[in-house]
Amino acid sequence: MDTVIAKMRSQYPLSDNAIRLLLEKVDLCRYPKRTLLISAGRFCKYAYFLEQGMTRSYWLVNGEEITTSFSTEGGIVFSMDELYFHKPSEEFVETLEDVVAYRILLTDLLHLFETNLELANWGRIIHQNEYRRLHRSHQEQLSLSAKERYKQFQKQFPEVCQRAQLGYIASYLGVTLSTLSRIRGQK
Numbered sequence: 005m006d007t008v009i010a011k012m013r014s015q016y017p018l019s020d021n022a023i024r025l026l027l028e029k030v031d032l033c034r035y036p037k038r039t040l041l042i043s044a045g046r047f048c049k050y051a052y053f054l055e056q057g058m059t060r061s062y063w064l065v066n067g068e069e070i071t072t073s074f075s076t077e078g079g080i081v082f083s084m085d086e087l088y089f090h091k092p093s094e095e096f097v098e099t100l101e102d103v104v105a106y107r108i109l110l111t112d113l114l115h116l117f118e119t120n121l122e123l124a125n126w127g128r129i130i131h132q133n134e135y136r137r138l139h140r141s142h143q144e145q146l147s148l149s150a151k152e153r154y155k156q157f158q159k160q161f162p163e164v165c166q167r168a169q170l171g172y173i174a175s176y177l178g179v180t181l182s183t184l185s186r187i188r189g190q191k
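Offset between the sequence shown (1-based) and the working numbering: plus 4.
By construction, these hints were calculated from the structure, which means they are not laboratory data. Quick caveat: nothing in here was measured; it's all calculated off a predicted structure. Treat the hints with care, since some could be wrong.
[Unchecked claim] Only pairs whose alpha carbons sit at most 27 Å apart, straight line, appear in this in silico DSS-like list of lysine-lysine:
| id | residue 1 | residue 2 |
| --- | --- | --- |
| 1 | Lys49 | Lys155 |
| 2 | Lys91 | Lys155 |
| 3 | Lys49 | Lys29 |
| 4 | Lys11 | Lys159 |
| 5 | Lys49 | Lys37 |
| 6 | Lys159 | Lys91 |
| 7 | Lys11 | Lys49 |
| 8 | Lys11 | Lys151 |
| 9 | Lys11 | Lys29 |
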């Protein structure tokens, strides 16, 4: 769990004791590419810390998959609907590569947030960062051209640009695959 711990500590200075409490609650799991970790309309019961590999989150809108985010090494994926509102997820999370993850029950994660100030603050930081990403993405959708949105995406997610299918990136940016291909062809 070295990659996950390093990422967590880069976001908030967690003590060895806080890490130990977390490690007591996680299980190592391996998932092949194209595995659904979370499915809309279902309770998942787990959060996943990504040690290796990449995932994408998406909604189904009129039968079309709309990519909402990507997660890579060191990230965490879970259903906020389930964790905070005790409702089934509204989105899907699938592995885009073979994934090595550490799984924790959402009830255990909530308990850690409630009983350990360091882990609660780390949780607050990741949510602040996610809010900022969502806010920036919304602002870019409303104010930037497709080409400018792609340039911002490249700056924010260079590893995703190298590893994800173009169709998923196009969906995230709100453009067609042909538009993204044309933008990428312009240098």
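Hints, verified against the model:
This hinted pair does not check out: Lys49 and Lys155 have alpha carbons roughly 36 Å apart, beyond 27 Å. Taking the CA atoms of Lys91 and Lys155, the gap is near 36 Å; set against the 27 Å cutoff, the hint is violated. For a cut-off of 27 Å, the pair hint linking Lys49 to Lys29 stands: about 13 Å separates their Cα positions. Taking the CA atoms of Lys11 and Lys159, the gap is near 19 Å; set against the 27 Å cutoff, the hint holds.
Pair hint Lys49 plus Lys37 holds up; C-alpha atoms about 21 Å apart against a cutoff of 27 Å. Taking the CA atoms of Lys159 and Lys91, the gap is about 34 Å. The hint is violated against a cut of 27 Å. At roughly 23 Å between alpha-carbon atoms, Lys11 and Lys49 fall within 27 Å of each other, so this suggested pair holds. Simply put, Lys11 and Lys151 have alpha-carbon atoms about 30 Å apart, too far for the 27 Å limit, and the pair is violated.
At most 27 Å may separate the alpha-carbon atoms for a hinted pair to count; Lys11 and Lys29 meet this at roughly 18 Å.
Going down the numbered hints, you'll see the structure goes against 1, 2, 6 and 8, while the others check out.
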